[in-house]
Amino acid sequence: MNLYERFIEFTKENEIETRDLGHQREDGYDLVVFGKTANKDNGLIYKIVFIFYDNDNLVDFYIIKSVKVKNRVYILERLNDRNSQFRAASFFLNGNLACMKSYCATGGYIRVAIMMMEKSMERAQEAFSEFDPA
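Take the sequence shown: its letters are residues 5 to 138, numbered as in the working numbering.
Think of the hints as simulated: they come from the structure by calculation, not from any bench.
One or more hints might be untrue.
[What the hints assert, rightly or not] Quick list of in silico lysine-lysine cross-link-like pairs, DSS-like style, CA-CA up to 27 Å:
id: 1; residue 1: Lys40; residue 2: Lys105
id: 2; residue 1: Lys16; residue 2: Lys123
id: 3; residue 1: Lys16; residue 2: Lys72
id: 4; residue 1: Lys40; residue 2: Lys123
id: 5; residue 1: Lys40; residue 2: Lys16
id: 6; residue 1: Lys72; residue 2: Lys105
id: 7; residue 1: Lys123; residue 2: Lys105
id: 8; residue 1: Lys51; residue 2: Lys16
id: 9; residue 1: Lys16; residue 2: Lys105
id: 10; residue 1: Lys123; residue 2: Lys72
id: 11; residue 1: Lys74; residue 2: Lys16
id: 12; residue 1: Lys72; residue 2: Lys40
id: 13; residue 1: Lys51; residue 2: Lys74
id: 14; residue 1: Lys72; residue 2: Lys51
id: 15; residue 1: Lys74; residue 2: Lys105
id: 16; residue 1: Lys74; residue 2: Lys40
id: 17; residue 1: Lys40; residue 2: Lys51
Construct the entire structure; sequences and hints are all you get.
Structure below.
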């Protein structure tokens, strides 16, 4: 069973909310997209993207929040500050989307990827909290 299959099994076993789970199989990896409600942001839904590589070890994930871009320089400065604080994460702005990219080596254990995603979600919520949602 590969990491993508373990992820699907994990979400079912633990009744994890995965709104509109999307899946796309590409050469060398599985891409999974879903929405996750952020309780800290009054129920705002963040977009989560997992990339499960076929080596059954590496996982990339993106956490995305749609934001109002009133002052692009301010947002970029704030995201750049975050980039200087964390080694295993990159914060960037893509149009009106505030994004955080992170990665981990799982050793084949889906729980490692889930724990890293949850920790990254906390960091993203903290980083993006000062930006108005779009």
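Hints, one by one, checked against the model:
1. Lys40 <-> Lys105: Satisfied, since the Cα-Cα distance of roughly 16 Å is no more than 27 Å.
2. Lys16 <-> Lys123: Holds, at about 21 Å.
3. Lys16 <-> Lys72: It is violated: about 34 Å lies between the C-alpha atoms, which goes past 27 Å.
4. Lys40 <-> Lys123: Holds, at about 14 Å.
5. Lys40 <-> Lys16: holds, 15 Å
6. Lys72 <-> Lys105: Since the Cα atoms of Lys72 and Lys105 sit roughly 20 Å apart, the hinted pair holds (cutoff 27 Å).
7. Lys123 <-> Lys105: Roughly 12 Å separates the two Cα atoms, so the pair holds.
8. Lys51 <-> Lys16: Roughly 19 Å separates the two Cα atoms, so the pair holds.
9. Lys16 <-> Lys105: At roughly 25 Å apart (the allowed maximum being 27 Å), Lys105 and Lys16 satisfy the hint.
10. Lys123 <-> Lys72: holds, 24 Å
11. Lys74 <-> Lys16: violated, 40 Å
12. Lys72 <-> Lys40: holds, 20 Å
13. Lys51 <-> Lys74: Satisfied, since the Cα-Cα distance of roughly 21 Å is no more than 27 Å.
14. Lys72 <-> Lys51: Holds, at about 16 Å.
15. Lys74 <-> Lys105: Holds, at roughly 23 Å.
16. Lys74 <-> Lys40: holds, 25 Å
17. Lys40 <-> Lys51: Holds - the C-alpha atoms of Lys51 and Lys40 are around 6 Å apart, at most 27 Å.
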